[in-house]
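So the sequence lines, in the order shown, correspond to chains C and E. Going letter by letter, the first sequence gives residues 1 to 544 in this note's numbering. Going letter by letter, the second sequence gives residues 1 to 121 in this note's numbering.
Rather than coming from a laboratory, the hints here were simulated on the basis of the structure. Owing to the predicted nature of the structure, the values given are computational and were not obtained by experimental measurement. Hints may contain errors.
Rough simulated footprint, nothing fancy, chain C against chain E, three-plus residues with beta-carbon under 8 Å [unchecked claim]:
1) 4 to 16
2) 19 to 33
3) 75 to 86
4) 103 to 112
Even glycine gets a Cβ: it sits at the ideal position worked out from N, Cα and C.
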Amino acid sequence: MIISILQGIADSPRFQHGELYGEKIIQIGKDKFSQINNITQVDGLFIVDENNIMTTHIVSEGKRSFVNIDMSHRNYINDTKDTLKPVFSDGFKGIDGIFRIALSVPIINSDSGKFLGIVGVTIPTESFFSLYGNIHDVNSQFLVIYDKKGTLLAVGADKSLLAHNFFEDTVQTFINHNPILTNLTQNLLKGSPGNATYDYGRGERFTTNYPVWVNGKPVYFIQIVTPTDIIYSEINNVLFGEKLQMFTLIVGTVAAITTLIMFLIKWNIVLNDEVKKRTKELQESNKQLSLSNQEIAQANEDLKIHDKMQKEFINVASHEIKTPIQAILTFSQLLQRYPERQTEFTPAINRNSLRLQRLANDILDVAKIESRTLTLNKEIFDLNEVILNIINDYKSIIVKENYKVRLFFYPSKEVLLVKADKERIAGVISNLLSNAIKFTKEGEIFVSTEKVDNNSKNPYALVTVKDTGTGIDPEISSKIFSKFITKSFEGLGLGLYISKNIVETHGGKIWAENNNKNGNRGAIFYFTLLLIDNKKSSNNTIDK
Amino acid sequence: MGENNKILLVDDEADIALAFRLGLESNGFSVDAYTSSIKALANFKSDFYKLALLDIKIPEMDGVELYKNIRNRDKKIKICFISAYDVDHHIVKNYSACIIKKPITIDDLVKKIKKEIQEHD
Numbered sequence: 001m002i003i004s005i006l007q008g009i010a011d012s013p014r015f016q017h018g019e020l021y022g023e024k025i026i027q028i029g030k031d032k033f034s035q036i037n038n039i040t041q042v043d044g045l046f047i048v049d050e051n052n053i054m055t056t057h058i059v060s061e062g063k064r065s066f067v068n069i070d071m072s073h074r075n076y077i078n079d080t081k082d083t084l085k086p087v088f089s090d091g092f093k094g095i096d097g098i099f100r101i102a103l104s105v106p107i108i109n110s111d112s113g114k115f116l117g118i119v120g121v122t123i124p125t126e127s128f129f130s131l132y133g134n135i136h137d138v139n140s141q142f143l144v145i146y147d148k149k150g151t152l153l154a155v156g157a158d159k160s161l162l163a164h165n166f167f168e169d170t171v172q173t174f175i176n177h178n179p180i181l182t183n184l185t186q187n188l189l190k191g192s193p194g195n196a197t198y199d200y201g202r203g204e205r206f207t208t209n210y211p212v213w214v215n216g217k218p219v220y221f222i223q224i225v226t227p228t229d230i231i232y233s234e235i236n237n238v239l240f241g242e243k244l245q246m247f248t249l250i251v252g253t254v255a256a257i258t259t260l261i262m263f264l265i266k267w268n269i270v271l272n273d274e275v276k277k278r279t280k281e282l283q284e285s286n287k288q289l290s291l292s293n294q295e296i297a298q299a300n301e302d303l304k305i306h307d308k309m310q311k312e313f314i315n316v317a318s319h320e321i322k323t324p325i326q327a328i329l330t331f332s333q334l335l336q337r338y339p340e341r342q343t344e345f346t347p348a349i350n351r352n353s354l355r356l357q358r359l360a361n362d363i364l365d366v367a368k369i370e371s372r373t374l375t376l377n378k379e380i381f382d383l384n385e386v387i388l389n390i391i392n393d394y395k396s397i398i399v400k401e402n403y404k405v406r407l408f409f410y411p412s413k414e415v416l417l418v419k420a421d422k423e424r425i426a427g428v429i430s431n432l433l434s435n436a437i438k439f440t441k442e443g444e445i446f447v448s449t450e451k452v453d454n455n456s457k458n459p460y461a462l463v464t465v466k467d468t469g470t471g472i473d474p475e476i477s478s479k480i481f482s483k484f485i486t487k488s489f490e491g492l493g494l495g496l497y498i499s500k501n502i503v504e505t506h507g508g509k510i511w512a513e514n515n516n517k518n519g520n521r522g523a524i525f526y527f528t529l530l531l532i533d534n535k536k537s538s539n540n541t542i543d544k
Numbered sequence: 001m002g003e004n005n006k007i008l009l010v011d012d013e014a015d016i017a018l019a020f021r022l023g024l025e026s027n028g029f030s031v032d033a034y035t036s037s038i039k040a041l042a043n044f045k046s047d048f049y050k051l052a053l054l055d056i057k058i059p060e061m062d063g064v065e066l067y068k069n070i071r072n073r074d075k076k077i078k079i080c081f082i083s084a085y086d087v088d089h090h091i092v093k094n095y096s097a098c099i100i101k102k103p104i105t106i107d108d109l110v111k112k113i114k115k116e117i118q119e120h121d
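Chain E on its own, in the form it takes in the complex (with noise of 0.2 Å):
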């Protein structure tokens, strides 16, 4: 793992926004997890994180909104869409971020973001 191990992660479904984030931490990683995307927008730093896990309905901002404000501010980062909606995988599928479907196992979330950083790096 290199040096960036920060991890933005936002799910309205608080059960899921801290199941991943002690998942995550688990396993080495430092994780910001919000359940509203006003809130994680407002505390977005650039250049920050390495990596952003967007849900993408959420209510306020959804994930796609809230992408295109991050890229704005952060040319770097990568991010990842996670939803259970088989549908929004199709509404993402034309940006620069990877797709992960729910459920995921803890291991797998882990692979992927791994997998992620790496090709990127």
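The shape of chain C in the complex, shown without the other chains (with noise of 0.2 Å):
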């Protein structure tokens, strides 16, 4: 970059016709001095004409500027002179004692080929070379540059060694005369590049040569010298930096796939809860479709049973509708041929006119059970009264109709006082007798009541029907309160569904079990009706 500011001012139009010096030569000078010092530190800026006499100098404020003396007497202003060639000169002391090299380009008329003078720079080797590298820091790496004839342009290790010739005791002096050292700087200065490592008392060294090639020669020597306690300090820093760096990787590693697995497990343990929860939400699910399912089966079942029931209500309705119709419409006819046996028609008819009005009464009962407008006459009565006259009127039947049914009462020692709907009451325990003549073709019905009071506030009386009949059949036993359920040939089986919603309308109860225990047979009946007190009803015979 110099030499190329050097040539430019040479090739210049003033230069090249001699124009060495002058006001506007000093302009120059001082123009291109300043452009070089920006590049790097350059003390002065010379003109030299064709007698080696320096027509111009410019210098760095402070210094002291030489102008007309001979400049014969330094080597780089001859060697320019007759090499015509650009000059990297070796080391020189100046007069005020600074060491320096000098650049030197000739000035040559380009058309004449004439030889006019030389431009050039000297710079201070300490600062010059100090740019390119650690020179004073002896503890780290640094350089020592050399010139051609091996002084030192440079010396990191000892400024004083500085324009010594490597090959001067002195120098030899402060190596101690290291034959290695030695050996590679006289390669050096025959432009070998290369290396070393010797010792020659200030620690191990390690040096790499470097010379500087300019138009094809070694101009300058360059040795880059390294501590190798440094390099191994470094390389130690390197490989803790490294062994850090790694032990960091590893812990960090650790650490990420330690927060990773932790990661992952709670992850998993999210995950293994949700699909827990969505699993029980889906069973639940399931669940209450298999529950609906469920449901609807037996609600379709149920759909069955009833429209089964519904047919076998109408098949059965219309038997029990046709056959006293029957019985009446031939006995009428028979009355209506033979008046005279009147007497022996006539009850037949009223008994089957009777028949269908149970029937009808029935079927209307429980139209009016199932709308919930069966109303209730309610009065005080004592529920022994009302069964015993039912009995009586039982007992006259068996012996009327000859059935080999024997009918017993035991009613309780107390007054059984209840309000209730004596004609429905009176119904419900026809009904159960009815049944159980029905049922016991030969044998015994006891029918009791006792009081169960038990310390409580609602005592209640307990009516039991027992006889020594087939028995309730298992096949409807678990629905015999229901609608249309009956063994019979006769009757809608309505009756004891009757019966059973009387009864609970009065707040009682109604079940019925088999009589099984101790080789029995039949069946047995209960109800339960409430008891009111006997001091407060005593005014209160009759309440409807």
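From the two separate chains plus the hints, produce the assembled complex.
This is the structure:
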């Protein structure tokens, strides 16, 4: 770069015309001096004429300027003039004692080829080479720079060696005549790159040679000297750093993996919980679905049963209605034909008319129960008295019809006052008794009542109808109080359904069981009715 | 009316059995009436009755079973089922028997019986 600027000066028109001094030249010199100083520190820009006389000398502020002096004593002037090529000088000590190098370019007329003079710069070696290495710090890497003669232009190890030749005693003493370094330096000055490790008493050093080539010739020779303890230290530092980095990496990796594992475990737990939750929801959903399906299946089954029961009811109702009608119809015709047999036919007509009436009443009662319009005409009465009257009626029927059944009544000792619909309760008792007679072709029927107190505020009467008949068919035992349930060839199967609703409408309960204990047979029907306080009811016998 | 005017009548409803017996007897039939199918079968005599009038829903042995037993013992006897059950008519429609629905007047019953006897004579 500097050579290019100097060459630019040499090739400029004024210089090409041999104008090497004067104010214009000084100005150009100052401009270029300033320009070069922006690149590196130079302390003088000189112009020498063809007779080696310095015509112009631009120097740094405070420095002494030399003009009109003969520069023939400077080798670089002679070399430049002789070679007519740019010269990188060896080191030389100035009048002021500062060790320098010079870069000089010949001024040659491009047309005639005539040598007109030299333009060049002087550079203090210490400041120049300090730009390219840590010269002063002996504890670290530094540069040693030689000129072609082996003179030290820059020495990082010891400044006092500057300007001394490597092969002088001063330097050799300094390096304790170390043959390795000497050999290395000799090779360097021959232009050979290379390196060596040696120790001349100041610690082991590792030095590398770098010749600086200009225009095909080595002009300066650089040795980069590195105290190996620095290398080792740095290697150790690097190793330590790498170890630390590796350790950090391992620790970081382990931490990352651990974190990842923890995260995965946690995530797994979360997923597991979610799966459990979803599974539970699914199971619940399936359960609900299953229940729904079961409910639908049950509803469907109930519907089928209901449909079957309805058809059965129509069939049975048809029979139950038509049978007494048939009897009434036929006996009426017979009565017309044989009026004299009125006493024989009239009871049959009457009997079947009553049967038809009972049937109609039962159907109407069921309609009332299901439409919730069954009304009770309540009054206070003695339950035992009502039952006794019914028992007596049935005893007459048993005798009259020649049933082989004996009927017994065991009333409670206490009067059992109830507030109820007498006619309806009588209907319940009649229903239970007629059933007992129907299913006991031959045997006994026991009706009993008792007061059940149990120290409760609500004592009740328990009515029991026990027979020794065929008992309740297991096929219908669970639904015996439902509609249309009967094992009889007569009746619609409404009696127990009506009785249950009447008892429950009175706040009582009704149930049944088979009398299987101790080899017995037959069925037992129970129902309860709440009792009223005898004293309170004494003045209130009828309450409809 | 032919020589054989004997009718076997089985109906578990006593009033019905009595009423039909009296009604048919007043129209010249000789009627053996039973409320028990077991007893009716026990007393059954082959080639004795011209026609059997059987209720279908009878305890112990229903009308269909009674029909089979009678038919096994008497191939010539005319048999009619008589029932107040609507569905029973579907049960017995495949048997060689006429079906009479209750309620029926004596006159109509007599007409049906005579028709049944004449058709198969």
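Structure-based check of each hint:
For the stretch 4 to 16 of chain E, the stated coverage by chain C holds: 4 residues have a C-beta nearer than 8 Å to a C-beta of that chain, and at least 3 were required. Counting residues of the stretch 19 to 33 of chain E whose CB lies closer than 8 Å to any CB of chain C gives 5, so the stated coverage by that chain holds, three being the minimum. With 4 residues bearing a CB less than 8 Å from a CB of chain C, the stretch 75 to 86 of chain E meets the requirement of three and the coverage assertion stands. As drawn, the stretch 103 to 112 of chain E meets chain C at 5 residues by the rule of a beta-carbon pair under 8 Å; at three or more, the given contact holds.
In summary, the structure agrees with every hint in the numbered list given earlier.
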